[in-house]
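Here the protein sequences line up with chains A and B, keeping their order. Numbering follows the working numbering, with no gaps: position 280 of the first sequence is 280. Each number in the working numbering comes from the position in the second sequence (counting from 1) with 566 added on.
Treat the hints with care, since some could be wrong.
To be verified - Heads up, simulated DSSO-like pairs for lysine-lysine below, C-alpha to C-alpha not over 30 Å straight-line:
{"id": "1", "chain 1": "A", "residue 1": "377", "chain 2": "A", "residue 2": "328"}
{"id": "2", "chain 1": "A", "residue 1": "382", "chain 2": "B", "residue 2": "586"}
{"id": "3", "chain 1": "A", "residue 1": "382", "chain 2": "A", "residue 2": "370"}
{"id": "4", "chain 1": "A", "residue 1": "114", "chain 2": "A", "residue 2": "458"}
{"id": "5", "chain 1": "A", "residue 1": "278", "chain 2": "B", "residue 2": "586"}
{"id": "6", "chain 1": "A", "residue 1": "328", "chain 2": "A", "residue 2": "178"}
{"id": "7", "chain 1": "A", "residue 1": "23", "chain 2": "B", "residue 2": "581"}
{"id": "8", "chain 1": "B", "residue 1": "581", "chain 2": "A", "residue 2": "377"}
{"id": "9", "chain 1": "A", "residue 1": "312", "chain 2": "A", "residue 2": "361"}
{"id": "10", "chain 1": "A", "residue 1": "361", "chain 2": "B", "residue 2": "611"}
{"id": "11", "chain 1": "A", "residue 1": "328", "chain 2": "A", "residue 2": "312"}
{"id": "12", "chain 1": "A", "residue 1": "348", "chain 2": "B", "residue 2": "581"}
{"id": "13", "chain 1": "A", "residue 1": "2", "chain 2": "A", "residue 2": "278"}
{"id": "14", "chain 1": "A", "residue 1": "28", "chain 2": "A", "residue 2": "41"}
{"id": "15", "chain 1": "A", "residue 1": "278", "chain 2": "A", "residue 2": "377"}
{"id": "16", "chain 1": "A", "residue 1": "377", "chain 2": "A", "residue 2": "348"}
{"id": "17", "chain 1": "A", "residue 1": "278", "chain 2": "A", "residue 2": "328"}
{"id": "18", "chain 1": "A", "residue 1": "381", "chain 2": "A", "residue 2": "441"}
{"id": "19", "chain 1": "A", "residue 1": "28", "chain 2": "A", "residue 2": "2"}
{"id": "20", "chain 1": "A", "residue 1": "178", "chain 2": "A", "residue 2": "458"}
{"id": "21", "chain 1": "A", "residue 1": "370", "chain 2": "A", "residue 2": "28"}
{"id": "22", "chain 1": "B", "residue 1": "611", "chain 2": "A", "residue 2": "41"}
{"id": "23", "chain 1": "A", "residue 1": "348", "chain 2": "A", "residue 2": "370"}
{"id": "24", "chain 1": "A", "residue 1": "402", "chain 2": "A", "residue 2": "381"}
{"id": "25", "chain 1": "A", "residue 1": "402", "chain 2": "A", "residue 2": "390"}
{"id": "26", "chain 1": "A", "residue 1": "381", "chain 2": "A", "residue 2": "328"}
{"id": "27", "chain 1": "B", "residue 1": "611", "chain 2": "A", "residue 2": "178"}
{"id": "28", "chain 1": "A", "residue 1": "370", "chain 2": "B", "residue 2": "611"}
{"id": "29", "chain 1": "A", "residue 1": "441", "chain 2": "A", "residue 2": "312"}
{"id": "30", "chain 1": "A", "residue 1": "382", "chain 2": "A", "residue 2": "402"}
{"id": "31", "chain 1": "A", "residue 1": "458", "chain 2": "A", "residue 2": "41"}
{"id": "32", "chain 1": "B", "residue 1": "581", "chain 2": "A", "residue 2": "458"}
{"id": "33", "chain 1": "B", "residue 1": "586", "chain 2": "A", "residue 2": "41"}
Everything labelled a hint here was simulated from the structure, so no lab data went into it.
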Amino acid sequence: MKPLDWIVLLGTLGFIVIYGVWKTRGSKDIEGYLKGDNSMKWWTIGLSIMATQASAITFLSTPGQAYEDGMRFVQFYFGLPIAMVIISITVIPIFYRLNVFTAYEFLESRFDLKTRSLAALLFLIQRGLAAGITIYAPAIILSTMLGWSLTITNLVIGVLVIFYTMSGGTKAVSVTQKQQMAVMMGGMIIAGIMVVSYLPANVSFGDAVEVAGKLGKMNVVDFSFDWDDRYNFWSGMTGGLFLALSYFGTDQSQVARYLGGKSIGESRLGLLFNGLLKIPMQFLILFIGVMVFVFYQFNQPPVFFNEAAKSKVYGTAYEAELQQLEDKHTALFEQKQQAVQSMVTALKAEDDAAVTTAQAKVSALTAAGKEVREEVKGLIKKAAPDAETKDTDYVFISFVMKYLPTGLIGLLLAVIFSAAMSSTASELNALASTTVVDIYKRSVKQDGDATHYLNASKLFTVAWGLIAILFATYASLLDNLIQAVNIIGSIFYGTILGIFLVAFYFKRIKGNAVFFAAILAEAVVLYCYYFTEIAFLWFNVIGCVCVIVFGFVLQGLIGEKRSLDV
Amino acid sequence: MKDTHPVDEEAPISKPPFFKSWAGMYWLVLGNLAFLIILFYTLTKIYE
């Protein structure tokens with residue numbers, strides 16, 4: 001990194017943190033600290049909701065996902081707009097009427113204290129784990145790419161977030177997220193323009209999209225149904241809907257964003273703003289990944305994107321074998337480059353037969369290239385058994401570091417840090433508010449004054465921040481990072497959503513029935529996770545449906561009168 | 567002590583912009599989803 005990159009990176013992050021602290025100083029009670037004195041306008045809420053969901057993982061993993069698997073991941077978000085409408089109609093009015101701080105408060109008024117505590121606890125477990133990954137994911141990649149210490153990188157992200165989140169609470173989170181979203185989207189749009197501008201002179205933008213299509217990357221929508229397929233239209237519309245309902249309707253890190261609204265109208269509009277823009281935003285990020293893929297059809301990609309992991313082979317008995325594989329990779333790339341150029345020429349000439357011939361040749365060479373990459377991964381595993389052999393999360397950052405000019409590297413790193421900080425801030429704020437409101441204030445100390453709970457909220461923000469940093473420091477790399485976060489979410493969200501759906505729509509089911517139904521449902525989801533091949537998005541549906549069905553059955557068995565007595 | 571924080575005096579919205587009722591906004595969001603799915607499906611078919 002050059003000095004200009006450091007200036008851009010530190011200047012951007014420093015400005016956002018200082019502005020956030022200055023703008024939101026002086027909260028005197030938890031009403032201001034945890035709900036921002038209900039002063040947020042709709043565009044602040046909307047941007048804050050989007051920034052909370054868009055973690056660094058979104059910007060690191062998603063382009064890599066598109067590079068490897070094409071555009072189909074966008075279908076994961078198809079259920080989101082429907083969820084925004086449902087929450088706007090049903091959930092927001094109830095939360096406003098009850099004037100709650102957290103989503104789980106509502107459960108006590110509907111059921112009982114133990115159901116409220118169970119839902120809060122499930123949230124604290126899954127969000128506490130996710131907060132660690134939210135810090136760890138960019139830290140491991142940045143520390144690997146830049147040669148920084150993992151612990152220092154974790155600490156920089158964690159301490160900056162703790163500083164302004166502890167200082168200004170919910171309002172600081174939302175205010176900083178406006179700037180962070182501007183940095184994120186500005187940086188990604190510039191990166192997208194740069195990658196297209198780096199294509200060969202004879203390859204237009206239209207040609208690039210055609211090449212991507214011919215190589216199977218423009219697979220945006222797939223209507224075929226397959227239980228084991230993670231991303232198709234049906235899993236997006238059902239599993240994605242349930243996940244979005246649960247995430248936006250019951251996850252305190254999102255609920256807190258719209259509970260700080262000036263009115264029901266502001267909150268609704270903020271959510272609907274997200275419903276309109278989320279899919280185009282994800283499409284853009286995936287499309288940038290596809291353009292990086294096209295770029296690497298004309299420029300030789302590394303045989304393995306995680307250079308640090310690959311370097312572990314050097315100096316071992318496998319080094320010569322690696323060199324042979326690298327030579328093979330180069331030879332295959334040169335043949336493929338020629339075939340892709342032939343394809344571009346054929347596309348321009350509208351010669352379908354030549355396009356088909358070139359397409360078949362490129363596909364065969366791509367398959368051969370994949371085999372070489374698999375062999376390289378095997379060598380890395382032999383030379384360093386603990387090394388990470390999945391490199392999709394390194395595709396985009398590797399491109400940024402190698403090809404973007406000085407200054408823009410700093411900006412793109414600011415994008416990743418901003419994303420990490422924005423989602424972590426929301427998580428810490430939500431973890432603190434749930435701990436204070438649903439556990440500490442409700443079950444531990446009920447007679448404290450406003451200052452006491454304000455200080456407790458700040459203390460729990462710091463405590464959760466330290467736990468997240470600790471988890472991030474000792475976590476080991478999980479499969480694909482964005483999937484890891486979604487899998488953890490899916491394991492718990494279905495059950496939490498089931499509890500809330502029963503609360504909203506099934507008045508016959510009472511506290512005891514829903515409490516034990518939730519425990520059984522969580523056991524079923526955990527069984528599915530450990531012992532079946534069911535795609536994780538379906539866990540949201542399974543957990544939710546199980547709570548409702550078990551709730552009905554248990555209510556029928558134990559009866560309303562007894563359920564009230566226990 | 568004087569409060570030095572900027573105070574937003576603008577009234578909170580009760581109705582959505584451009585529409586007479588919230589139903590219009592909801593249909594806009596769902597219509598946008600339908601439009602995007604059709605657009606993406608068309609892109610998939612054109613470039614496959």
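Structure-based check of all given hints:
Taking the CA atoms of residue 377 of chain A and residue 328 of chain A, the gap is about 15 Å. The hint holds against a cut of 30 Å. Between residue 382 of chain A and residue 586 of chain B the alpha-carbon distance is near 66 Å, which puts this suggested pair outside the 30 Å criterion. A hinted pair counts as satisfied when its Cα atoms are at most 30 Å apart, and residue 382 of chain A with residue 370 of chain A qualifies at roughly 18 Å. Our distance criterion of 30 Å between C-alpha atoms is met by residue 114 of chain A and residue 458 of chain A, whose separation comes to about 25 Å.
In summary, the hint linking residue 278 of chain A to residue 586 of chain B is supported, as the alpha carbons are separated by about 25 Å, within the 30 Å threshold. At most 30 Å may separate the alpha-carbon atoms for a hinted pair to count; residue 328 of chain A and residue 178 of chain A exceed this at roughly 48 Å. Note on residue 23 of chain A and residue 581 of chain B: the hinted pairing holds, with a Cα-Cα distance of about 29 Å set against a maximum of 30 Å. Of the pairs offered as hints, the one joining residue 581 of chain B and residue 377 of chain A is violated, with about 57 Å between alpha carbons and a cut-off of 30 Å exceeded.
In summary, the hint linking residue 312 of chain A to residue 361 of chain A is not supported, as the alpha carbons are separated by about 33 Å, beyond the 30 Å threshold. Using a Cα cut-off of 30 Å, the hinted pair residue 361 of chain A and residue 611 of chain B holds, with the two alpha carbons roughly 22 Å apart. For the hint pairing residue 328 of chain A with residue 312 of chain A, the CA-to-CA distance comes to about 20 Å; that is within 30 Å, so the pair holds. Taken as a hint, the residue 348 of chain A and residue 581 of chain B pair is broken in the structure, with Cα atoms around 51 Å apart against an allowance of 30 Å.
For the proposed pair residue 2 of chain A and residue 278 of chain A, the alpha carbon gap of about 34 Å is over 30 Å, so the pair is violated. Our distance criterion of 30 Å between C-alpha atoms is met by residue 28 of chain A and residue 41 of chain A, whose separation comes to about 21 Å. Restraint check: the Cα-Cα separation between residue 278 of chain A and residue 377 of chain A comes to about 35 Å, which exceeds 30 Å; the hinted pair is violated. Pair hint residue 377 of chain A plus residue 348 of chain A does not hold up; C-alpha atoms about 37 Å apart against a cutoff of 30 Å.
The straight-line distance between the Cα atoms of residue 278 of chain A and residue 328 of chain A is roughly 42 Å, outside the 30 Å bound, and the hint therefore fails. For the hint linking residue 381 of chain A to residue 441 of chain A, the alpha-carbon distance of about 50 Å lies beyond 30 Å, and the restraint is violated. The suggested pairing of residue 28 of chain A with residue 2 of chain A is violated, with an alpha-carbon distance near 43 Å, which exceeds 30 Å. With a CA separation close to 22 Å, the supplied pair residue 178 of chain A and residue 458 of chain A stays within the 30 Å bound.
At most 30 Å may separate the alpha-carbon atoms for a hinted pair to count; residue 370 of chain A and residue 28 of chain A exceed this at roughly 59 Å. For a cut-off of 30 Å, the pair hint linking residue 611 of chain B to residue 41 of chain A is broken: about 41 Å separates their Cα positions. At most 30 Å may separate the alpha-carbon atoms for a hinted pair to count; residue 348 of chain A and residue 370 of chain A meet this at roughly 28 Å. A distance of roughly 25 Å separates the Cα atoms of residue 402 of chain A and residue 381 of chain A; the hinted pair therefore holds under the 30 Å criterion.
Between residue 402 of chain A and residue 390 of chain A the alpha-carbon distance is near 19 Å, which keeps this suggested pair within the 30 Å criterion. A C-alpha spacing of about 19 Å is found between residue 381 of chain A and residue 328 of chain A, which places the hinted pair at or below 30 Å, so the restraint holds. In summary, the hint linking residue 611 of chain B to residue 178 of chain A is not supported, as the alpha carbons are separated by about 37 Å, beyond the 30 Å threshold. For the hint pairing residue 370 of chain A with residue 611 of chain B, the CA-to-CA distance comes to about 26 Å; that is within 30 Å, so the pair holds.
Simply put, residue 441 of chain A and residue 312 of chain A have alpha-carbon atoms about 51 Å apart, too far for the 30 Å limit, and the pair is violated. Of the pairs offered as hints, the one joining residue 382 of chain A and residue 402 of chain A holds, with about 28 Å between alpha carbons and a cut-off of 30 Å not exceeded. Simply put, residue 458 of chain A and residue 41 of chain A have alpha-carbon atoms about 24 Å apart, close enough for the 30 Å limit, and the pair holds. Distance restraint check for residue 581 of chain B and residue 458 of chain A: the Cα-Cα separation of roughly 36 Å exceeds the 30 Å cut-off, and the hinted pair is therefore not satisfied.
Between residue 586 of chain B and residue 41 of chain A the alpha-carbon distance is near 20 Å, which keeps this suggested pair within the 30 Å criterion.
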